[in-house]
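Residue numbers (UniProt numbering), protein chains in the order written: chain A, 1 to 422; chain B, 1 to 258.
Please keep in mind that the hints were generated in silico from the structure rather than gathered at the bench. Fair warning: there could be bad hints in the mix.
To be verified - Under the rule of at most 25 Å between Cα atoms (straight-line distance), these lysine to aspartate or glutamate pairs were calculated in the DMTMM-like manner: (1) A/Lys296 to B/Glu65; (2) A/Lys316 to B/Asp162; (3) B/Lys168 to A/Asp205; (4) A/Lys176 to B/Glu65; (5) A/Lys320 to A/Asp261; (6) A/Lys365 to A/Asp261; (7) A/Lys296 to B/Asp59; (8) B/Lys20 to B/Glu2; (9) A/Lys226 to B/Glu165; (10) A/Lys21 to B/Asp131; (11) B/Lys201 to B/Asp68; (12) B/Lys86 to B/Asp7; (13) B/Lys153 to B/Asp248; (14) A/Lys296 to B/Asp68; (15) A/Lys21 to B/Glu139; (16) A/Lys176 to B/Asp71; (17) A/Lys363 to A/Glu334; (18) B/Lys168 to A/Glu202; (19) A/Lys320 to A/Glu262; (20) A/Lys296 to B/Asp163; (21) A/Lys363 to A/Glu270; (22) B/Lys168 to A/Asp288; (23) A/Lys320 to A/Glu265; (24) B/Lys201 to B/Asp71; (25) B/Lys168 to A/Glu149; (26) A/Lys32 to B/Asp126.
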Amino acid sequence: MKFTWFNLMPWPYLPDDFREKHRSVWVDIDSKLFDPAKSHDVYNSHMDLLEYASTLGFDGIGVNEHHQNAYGLMPSPNIIAAGLARRTKDVGLVVLGNSIALYNPPVRVAEEFAMLDCISGGRLVAGFPVGTSMDTNYCYGQIPALTREKYSEAHDLIKRAWSEPEPFAFNGRYNKLRHVNIWPRPIQNPMPVHIPGGGSVETYDFCIDNTYSYSYLSFSGYIRAKALMQGYWDRVAERNAPDASPYRAGFAQTICVAETDEEAERLYSEHVSYFYNRCLHVYGGFADAPGYRTIKTIQTGALSQYAPPGEGGYSKLTWKDLIEQGHVIAGSPETVRQRMEDLIKGLRVGNIFCLLHVGDMPKEKCMYSTKLFAERVMPKLRNMFPEYADDNRFWCKPLAKQATPGISANEMNMAAAVGGKD
Amino acid sequence: METKTLDTHHVPVRYFEGGKGQPLVYLHGAGGVLAEDPLLVKLAQKYHVYAPLLPGYGDSQECGELRDMLDVTLHTADVVAGLGLKDPILVGHSMGGMIAAEMAAVAPNDFSRLGLICPAGLWLDDHPIPDLFAMLPYEMPQYLFHDVEAGTKLMTAGVALDDPEWLKAFLVMNARQMGMAGKILFPIPDRGLAQRLYRVKAKTVLIWGDSDRLIPPAYAHAWKKAIKGSELVSIAEASHMVTIEKTDQVIAALGKLG
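Go ahead and model the full structure; you've got the sequences and the hints to work with.
This is the structure in structure tokens:
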């Protein structure tokens, strides 16, 4: 199993009446709600948590890309990952990912990911999302019906830029480049790639064809994800993929651990409520630009599986509802272990993106929950798929010898001794 | 109106045809058009009307090969040629007006009469056009109709949001139609037309509802300025769907084209 401690980086200061007074957390969110001075602590605190998780045995620490969004403060996850690359060691840097249709030209992504891979000593796990409609279409102005074609071209360009040893010309529809020859080159070849998807058949096939891991990054939990993930596994079988390794799939799950189930509710319910009620308050008009999803995807009915549940959406759900319906896995280490086991077996996923920071959760609570998960839950879930223990196609392969960041005492002495000899 | 199909280079194109008289090609707006549209029906009492659907609209086939404004402009010119028409009266509403104006700018000698009903295609920073692609259906009537109540009734007839099959069919239709429209309208309906309008030679009538809240009348004046010799007909108590709200006055205004 691969466990990634994943941080969305929510803004923790949305007001109590956010739902009533504001129409959306995303795209046209009120800029007055952002306080740059406060964000200094917010960013550093989130980065501290990612670094902390890296010391507790998680396989990866994860970041992602959103734009104009109060629950995702990372328009550029690469900037965060660069900071983490220097301050962590051994742990995978999961950048899930860069919305490659948005970069002009997309070789920028090939270059930045190569830089991250080189700085971190081969610890990058790359991700190429199409990007949500909010980010891609409404914030970044991409034409909905052309987004996938542009994405696909960007992917081909990046893949070639990483792997072709000679400079080449790329005559794409959206990118005309006479001399593609990125510098630096990534350490890892092939690069492990995860693709976040939301139930489109095209993305299933794309992952199968390229040996990429399919990640379902949902906030609605593992119970509602069953049909969608089953759709993926059915497709894996239908397409005669060489294997059905669980590492071909990943899933994001909100998790809160305490000593007891009661303590979990007492400690975390307000932060969970902040996330589901304020952070997921997105104006319906921004949900899905017409043309962004393919007709085939709409026709499969996949949309209904990740639409917010029922009338009133998340705002009507209590802590009990959120737990029972699996949106959130919370409770004592044993409760969480049992439910995680259900999740892992039920969805057949080898990669878990653990959303252990939730909403406006303060640092110390998050550290408490994270430590309990790392020490008392994770070890018991390690060997769920022993027959695939050697499958490392979807994970990073760091260099054996990693550089130690910072200047050593020896180097200081050597520097002092360089001059003054004449 | 009869529903017919025309083969073109890319895909078969659906069109409605009816009436007798001078040939008139009508290009619909982003919402599409039905054979029983009151403007088409009344135009057919005076003209020989051809109303082609943009690929993806109604039951017509989608066309992935149409990606940008030039593709759409040339495709529509292909349709006019395919119908065997020479210099028909070219009329377009909203998005259709944008396409018609492009056609008349690209091939100024092919079109001598142009009717533009609150066309899209220009952008004025002081008068930003509301984001049609970020509107929920219930928000639309206030932008489209002078009589919002009547417009709401018209737009919600037959709507069954609680029925998953209806909803799926609606989402598919919306993705096909607005997905296509988005190629020339999203996120800002400006594909550089302003720098080409000087080429238009056609006698041009601009028709605008005084209370248009989608493309406000400030745009009417920008168009009038951009097309030399064009005439503006403003229609009171009508919004963007002036074609439905004041059908007779629109037809009378088009009559100025001769």
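Exercise. Sort out which numbered hints this structure fails and list those numbers smallest first.
Key: Result: no hint breaks.
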